[in-house]
Amino acid sequence: MHQLTARSAGWRYGPARGVVLSLEKKQTKVEIGMGDILAAAWRSLQSTQTTVYLLVALALANLVGILVPQGAAPQAYLEKYGLLLGALVIKAGLHHVFSSTWYLLLLALLIVSAGACARRIWRLGRALAGGPSLSLLQRRLGEERSPRVTATLSGPPQMVGDELVGALRRRHYRVEATSDESGALWTVGRKYRWAGYGIVFSHLAIFAIALGALLGVWPGLALDKMIQITEGDTYTDARGDFDFSLRLNSFALEYYPDNTTVKAYKSDVSVLEGEREVKRQVVLVNYPLSYRHIRFYQSSWGIGGFSVKVTPPRGEPEVLRFPVQTAECPEHHAPLYEVPPAAAVQFTADRQTAVVAKGFTPDAEEKDGEVVGTRWAAPAHPAAQITLVTGFNRGGDHSFHDAGWLKLAKPVKVGDYQIELLTVRYYSGLNARRDFGVPLVWLGFLGLAVGLMATFYFKPHSLVAAVAPSGSGARVTMAAFEKGGAGEEKWQARTYPVIAQILEQLPPPSAGEGKGGSKGRDEDVK
Amino acid sequence: MSSNRAQAATNAESPGAERTSPGSFLADRLPGLETLDRLTCRIISFGFPLLTLTIITGSTWAQAAWGRWWGWDPKETASLVAWLVYAAYLHGRVRRGWQGGPAAAFAVLGFLAILFCYAGVNLLPGLHSYGGQLVREDGHLLLGGFRGVPGSEAALTKAFMIAYLLAALGYLGFTVSRNATAGRIATSLAWAGFLLLTGILASRTYRLGRLPLTSGYDFALCFVWGVAAAYLVAEKVLRSRALGAFVLPVILVLSMYAYLFFPSKDSAPLMPALQNRFWLHVHVSVAVVAYGALALSCATAVMYFVKRRLAAPGEPRASV
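Heads up: the protein sequence lines correspond to chains A and B, in order.
Sequential numbering of the first sequence, starting at 1, is according to the numbering used here.
Sequential numbering of the second sequence, starting at 1001, is according to the numbering used here.
Hints should not be assumed to be uniformly reliable.
As the list claims (entries may be wrong) - Simulated coverage check for chain A against chain B, where a stretch passes if three residues somewhere in it have a Cβ under 8 Å from a Cβ of chain B:
id	stretch
1	155-163
2	262-271
Said to hold, decoys possible - Simulated crosslink set (DSSO-like; lysine-lysine; CA at most 30 Å straight-line):
id	chain 1	residue 1	chain 2	residue 2
3	A	Lys459	A	Lys309
4	A	Lys413	A	Lys367
5	B	Lys1236	A	Lys483
6	A	Lys309	A	Lys367
7	A	Lys225	A	Lys279
8	A	Lys279	A	Lys266
9	A	Lys490	B	Lys1236
10	B	Lys1236	A	Lys459
11	A	Lys358	A	Lys279
In short, the hints are calculated from the structure, not lab data.
Where is the CB? At the ideal position from N, CA and C, for every residue including glycine.
Turn these sequences into a full structure, and let the hints guide you.
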């Protein structure tokens, strides 16, 4: 057990400082090689002091990552912080802290330092689990200053010793009993030895999590891709990240009774191998679609387009589909939609009539006779601004008919034509993820949780007791030990019940002899 | 170093001591520096694994909901900051020299990080933004009030806040006067307030059919409940009311925050990402206990500083 004290003394040292100092002294006289510097750095990493610095530095780096909005366009920082500060933010990479080299380096250093401490942590864990040796416990029990319980019990020492062992076993102690040359019986009970290794597990866990995180972003293995599918369309990956297709059968927003809070985003998705449907599922947030190691998570939605029904004076009605795209407008919180110019003009099949879509809004309201879009993003009252152009292929005398803002299911007569906003088509944004690191991360989380709980909630501790003959009875001296020392209450809670249990099993003490359960810091009882 | 101070404090306690400045008078009524230091460490040792579990369960849930177990969302990152600060505390503590002032400073910093994670982040955009809306569309400022809850619950909430206000005064009175009756009254009031709060949460649970853990106000109530529970447990375990004068004000401030900054006291309907009952309940419950314990450790660390300052006003700061 000398090792434990020696090692716990080792925790106090600051080899880093000592080494750095001596290096500085050397620098003036002797040439120092790369090897010396590396060795010194390695020793620095082994010190707990360095770990503390690294943890604090990482905390500060994270704080910067919270306070400076991450991932915006460089222009935004110049506008927000002014030219000088903005340029500084961008130069130092503070706009993408978590993927910057210095942050990753800091993270790597912390992990390497955990590695550098591995041997020490392992030894500490083993020492904690092993507990103090019998010889050390014997010595400590004899020391004046260590608190102990002493009781004189009636009954032969052997019987008291057996009861002691029994009582400890009943309280789930691992018991080791021996006797010395003076005839005293020594009993050591140890509990929660396994918890000593908690410190090892919690540190090992860091590696598992780091490795899992690395696997999760490893190019080629990991996949993290946003895909957008408009209702009715089929998505086939152009880059070939996966060779099956997805069809969005429908997308729906479900509301709570208040009609403003979204209850669910539901994407009805089919997986297609070639033309064949192999799987169909409604994807919800919290319920991804899983297929061939790829999971598709509901991540966004929007309006992908709308369709307009045109009924000519003679002939069949025809449906024309228009796509829409969002345009960011700083004044608006909700997205603004526009019809891409290339697709804004669509002809009917006979190429005699064209429908021109000039605008689209998911939620229109009338203000002073004008139709304007609200900030509401969901298509509650969608409207499309349409102009009908007729008379093509007839020698150029085509005419324009402004249909104004068409509303859903409200057909409008324009000249001889009838025109109607038929449907609004949603798109669903799915996040395709393949992450082989996740099981490793889970393992790390488990190790971290179990390791920390073992370390902090289950203290490995030892009870040592000596039973020596005393008159016609036996004298029991007992003490509890734990690394770092336990508080008074804990100490009592561990020793007193054991004594009480032995007392229960023994014949009652003869008059004036036994007295149990008294504690003597400096002197024992009778 | 700290033992020197402890010595100074005991000197002041001795009957013959001349120093009866209000500072040393109050300092005598606080636990010893070493006790406070140990206590802070004990509470953090209890809270840290729970904080870790909070982050782990949140992470597991994020994987289930969004497909990424870590996304550098401000709330995630702020929780990591708190975790790192407490990890630094525990590592620093392994070196035996790291006690007293620096340790207490880290304990306070750690809880500030928790508070930032809890409330500060609501001011920033992110996935965890459940902050209340304080300004109406027309610019009218909304503060306080009991919109969205039945009158009976509003009355219970008022009673709870009054009970805690009186309990805080009681603990303060007890700390100053050492009057056992004042102490017993304070404890009874604290228990009464705690039961009232439990009743409020129970009635919300009954109305919702699940634990009330979704709106900002919900969680503020749970946070208050966690701190109050942690305090009452500590009072029982330590058999001491010494922490009361420091913890009760924290509870009051948190309740005022809950009252003022969430004009709508209704429970929010579950957003799609929150519709995972298992992780919702596990994640938030663990967070409540962790936050409660860590709030307590912050209070003991603050007590450490107060005691040190009052016990030896003229003494130069010792470096540790």
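Do the hints match the structure? See the list:
no.: 1; hint: 155-163; verdict: violated (count 0)
no.: 2; hint: 262-271; verdict: holds (count 4)
no.: 3; hint: A:Lys459 to A:Lys309; verdict: violated (75 Å)
no.: 4; hint: A:Lys413 to A:Lys367; verdict: holds (23 Å)
no.: 5; hint: B:Lys1236 to A:Lys483; verdict: holds (26 Å)
no.: 6; hint: A:Lys309 to A:Lys367; verdict: holds (27 Å)
no.: 7; hint: A:Lys225 to A:Lys279; verdict: holds (20 Å)
no.: 8; hint: A:Lys279 to A:Lys266; verdict: holds (16 Å)
no.: 9; hint: A:Lys490 to B:Lys1236; verdict: holds (15 Å)
no.: 10; hint: B:Lys1236 to A:Lys459; verdict: holds (22 Å)
no.: 11; hint: A:Lys358 to A:Lys279; verdict: violated (39 Å)
When each numbered hint is compared with the structure, violations occur for hints 1, 3, 11.
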